[in-house]
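Asker: Chain P is fixed; fit chain Z onto it per the hints.
What follows is each chain in one-letter form.
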Amino acid sequence: MTQDPAGLFEPVLHQAEVAGPVAAPVSGVDPTRTPQPGGTGHPAGDHVEVIPPVIDLRGLSRSFPGDPPVEALRRVDLTVQRGEYVSIVGPSGSGKSTLLHILGLLDRPTAGDFLLDGVSTATVSEHERARLRGGRIGFVFQAFHLLPHRSVLDNVLLATLYSGVPRAERRDRALAALDRVGLSHRLDFMPTVLSGGERQRVAVARAVISSPHVLLADEPTGNLDSVTSTGVLDLFEELHADGLTLVVITHDAAVSARAQRQVRISDGTLSEVA
Amino acid sequence: MLRRLRAPNVAALSSAISRMRPRRVPGPSRWPLLRRTPWARRRAAAVTAAAADERLGFDRFGLRDLVSEAAHGIGARPGRLVLTIIGTVLGIGSLVVTVGLAQTAAGQIARTFDAVAATQVVVEPATARTQGGERATGTIPWDVEDRLSRIAGVEHVGAIATVNVGDLRITAVPVNDPSAPTLATPQVMATTPGMLDAVRGRIVTGRYFDAGHDERADRVVVLGARAAQRLGVHRVDRQPSIFIGDRSYTVIGIIDDVKRRSDLLDAVIMPVGTARADFNLVGLEQAHLIMAVGAGPVIAEQAPYFLEPNNPESITVQVPPATSTVRENVQADINAIFLALGAVALLVGGLGIANVTLLSVRERTGEIGLRRALGATKRNIGNQFLMESGVIGLLGGLVGAALGVAIVVAVSLSKEWTPILDTPIVVAAALLGGVIGLCAGAYPALKAAGVEPITALRGGT
Chain P
1 MTQDPAGLFE
11 PVLHQAEVAG
21 PVAAPVSGVD
31 PTRTPQPGGT
41 GHPAGDHVEV
51 IPPVIDLRGL
61 SRSFPGDPPV
71 EALRRVDLTV
81 QRGEYVSIVG
91 PSGSGKSTLL
101 HILGLLDRPT
111 AGDFLLDGVS
121 TATVSEHERA
131 RLRGGRIGFV
141 FQAFHLLPHR
151 SVLDNVLLAT
161 LYSGVPRAER
171 RDRALAALDR
181 VGLSHRLDFM
191 PTVLSGGERQ
201 RVAVARAVIS
211 SPHVLLADEP
221 TGNLDSVTST
231 GVLDLFEELH
241 ADGLTLVVIT
251 HDAAVSARAQ
261 RQVRISDGTL
271 SEVA
Chain Z
1001 MLRRLRAPNV
1011 AALSSAISRM
1021 RPRRVPGPSR
1031 WPLLRRTPWA
1041 RRRAAAVTAA
1051 AADERLGFDR
1061 FGLRDLVSEA
1071 AHGIGARPGR
1081 LVLTIIGTVL
1091 GIGSLVVTVG
1101 LAQTAAGQIA
1111 RTFDAVAATQ
1121 VVVEPATART
1131 QGGERATGTI
1141 PWDVEDRLSR
1151 IAGVEHVGAI
1161 ATVNVGDLRI
1171 TAVPVNDPSA
1181 PTLATPQVMA
1191 TTPGMLDAVR
1201 GRIVTGRYFD
1211 AGHDERADRV
1221 VVLGARAAQR
1231 LGVHRVDRQP
1241 SIFIGDRSYT
1251 VIGIIDDVKR
1261 RSDLLDAVIM
1271 PVGTARADFN
1281 LVGLEQAHLI
1291 MAVGAGPVIA
1301 EQAPYFLEPN
1311 NPESITVQVP
1321 PATSTVRENV
1331 QADINAIFLA
1341 LGAVALLVGG
1351 LGIANVTLLS
1361 VRERTGEIGL
1371 RRALGATKRN
1381 IGNQFLMESG
1391 VIGLLGGLVG
1401 AALGVAIVVA
1411 VSLSKEWTPI
1421 LDTPIVVAAA
1431 LLGGVIGLCA
1441 GAYPALKAAG
1451 VEPITALRGG
1461 T
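As you go down the protein sequences, you meet chains P and Z in turn. When you line the first sequence up against my numbering, it's residues 1 to 274, in that order. When you line the second sequence up against my numbering, it's residues 1001 to 1461, in that order.
Bound conformation, chain P alone:
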C-alpha cells in the first residue's frame, strides 16, 4: 500500500471538509461542550444522530469477597461523552484501579451496568470482551508494559495483532502513530534504551494505533519526572484536541488539573470536581 497514508485517512479529510465552516478554538478544549449525560448532537448538524456516550456507568458496584466484603465501588454513575478528557483523581485505595479495570473490561462489576458505546457489557462473553478491548479501548500503563526484546516498531505493531487491523495497513499505521508521538527516529530501538518519557510515548502510540474509542491511562506519569510528565500530558492534550476520548486515572492533582473535566473518587464513590 504505497498510497496508504492518503487512502487510509481519506474519510477523515472528507469529514473535515464537511465540518469546515464550523470554527473551533485552537486550544483544544471546546467551550461549547458541557459534560452533560446524554448530551448528543449538535445544533448545526444537518444529520442529527443520537450518539450514545462512550462510557456510561449505571449504578455500578464492585465488591471483593472477604470478611467483611470490600466494597471498592459503590453504585457509581459516570458518563463520558465522545471527545471528552476526563481525569479521575483519588488517593490510593479509593477504588481508582478497580474502576479502571472495569472501564477497560478487564474486570466485571458485581452490580450495575457498564455501557460501552451504548451497549451493555454485563452479559457479553469473555471472548467478546477481549474483542472490545482490542477494538475500542486503548491502555496506557504506569509501568509502560513494553516488551523488552522487541523493537519500538514491533511494540506498537503488537496492538494491531489483536484489534483486527488489516495486515497491509499495520506498518503504515504504526509508522504514522510513532510519527505522531515524535518517535520516528527510534523505530528500531529497543525499549530498554529509551528514556521513560520516550517509553511512555511508545505506549501511547501503541494505544492509539487501533483508533480506540477511549484511551484509558493508569497513572501515566507515575514513573516519570516532572519534565517528561509535562511532555506526555501535552501529548494527551494534542490527542484530545484531535478528538480522542481520554480517561486518565491518577492520584496527582497536577496531572488531574490538565483534564477538561475532573472527577474525584474516594471510598468507592465519584463526585464531580467543579
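Treat the hints as calculated values from the structure; they're not laboratory data. Think of the CB as a built atom: it goes at the ideal place given N, C-alpha and C, for glycine as much as any other residue. Hints may be right or wrong, so weigh each one.
[Claimed, not checked] Residues on chain Z that point at chain P, a partial pick, calculated with CB under 8 angstroms: (1) Leu1370; (2) Thr1377; (3) Asn1380.
Answerer: Same frame as chain P, now just chain Z:
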C-alpha cells in the same frame, strides 16, 4: 456533532494520528475498523457492513501472527532455547541412530546372506608351495558327482577343468582364410554334466550334455552365451558344428546367466569324457556344490573323506560361514536398549520443554496481561505458548534427526557399510519432536491462558 467542531483543528495539525481517532458510523454498529473502506461507500452500506466486516474478520491474530509472535518469543532467549531443545535432540537423535543402524546392519546382513553365497560350496585340491611354484597336492576324482551327491545336504554337484587345446583354432566353419583377422580363441572348458545346475546357469537354447555324452566321449559342446555370439552360433536346431583344430563338435546348447564361474559364458564347454579322450585332460580343478541351508559344517567335514579317504588334507572345502543366531539376538537386545534410552530421553526432553515453557509463562505474565489488555483472547494466548513449545520441539526434532542421520552415515563410513535409512522415518522423527513439544506445552499454555490480566498488569515491566 462534537467532532465537527474540532475538524479545523484536525486540518491544522494535519498529522497522521489525528485521522486515527474513532469515528461514528451511522447505524447501530459502530466498529472503529471500518475506516478501511472509503467513506462514501461505507456510509451507503454502513449498517450492514459493520457487522459483515466483523464477521469476515480482519487480520485478527491469524496464523501468520501466531507463528511470528511464537518465533519472537522463542528467539528472545537463544541460550535458553539451546538448553531446552537438548533433551529432544538427544531423544530424537538416539531414535534415528538406533533405527538407522538397525536398518543399515540389516541391509548389510542381507547383502552377505544372499541365497547364492549362503548355499554355494567350492571344493578344490589343496595346494602346496614347492620349488616349481604352487602345485596341487591332491586330485578330485572323475566320479566326484557320484561321491559328493551322497553327502546329506548336497543338492547339486558339478566339476570343472580347463582344457588345454594348444594352438588349435576354434572356428564355426573350417575355412582357412589367411586374410581373416585372428580372433581371440575362446577358452575350452570341460565340466561334468551336473555343472550347469551347480553354478545355477540357464539354458538359452538346446540342452546341456548328460552322463551318456560323458561316458561315450561324444563330440558335443555347449557354448557360453558370449562365446556363441563370437562364433556366430545363434540356434542349435540345425545341429551346427564348431571346429577345434580340424575336429568338428556338434553344438547342442547355449547357456547364460551362470551365478558362479562366469568365465563359462566365454567358453566352449565339453564333457569331461570328451576332453580326456581328445585332449588328454589329466584332472579336475574345482567342484561346485549347492547345498541345503545349514549343511555347510557337515559338508566341510565329510567332503574330503568322500573324495580322498586316504589323504583328506589334500582337499580344501570352502563353505559359507554360518550366521550366528546368538549375535543376532544380542543385536536385537542392543536395539531395544537404545530405543528405550531414546524414549527416556524424549520423555526428559518433553519435561524439559514443559518446565521451561512454564517458567517462561511465569516470567511473561506481564506480557500476557498486556496482550490480554490489547485484545488477545485466552485462546490467542494459549495458542501462542502452545505454538512456541511446538516449535521448540520441532526444532529439537529437526536437529536431532539431522544429528542422527550424520551419526548413522559416520558409523557406516567407518565400517564401510552402505548407510540405509528410510526418509519417512527421519521426517517422522523430526515431526515427533514437534508433537512432543505440543504435548509438553499443553499444560503451560493452559496456565498462560488462565493468567488474570489484572494481576498480570499490576507489576512487572
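Asker: All the hints need checking, so say for each whether the structure fits it.
Answerer: Results of checking the hints against the structure:
1. Annotation: interface hint on Leu1370/Z holds; nearest CB of chain P at approximately 4 angstroms, less than 8 angstroms.
2. For Thr1377/Z, the shortest C-beta to C-beta distance to chain P is roughly 4 angstroms, which falls under 8 angstroms, so the interface hint holds.
3. Given the 8 angstroms rule on beta carbons, the hint for Asn1380/Z holds: about 7 angstroms separates it from the nearest Cβ of chain P.
When each numbered hint is compared with the structure, no violation occurs for any of them.
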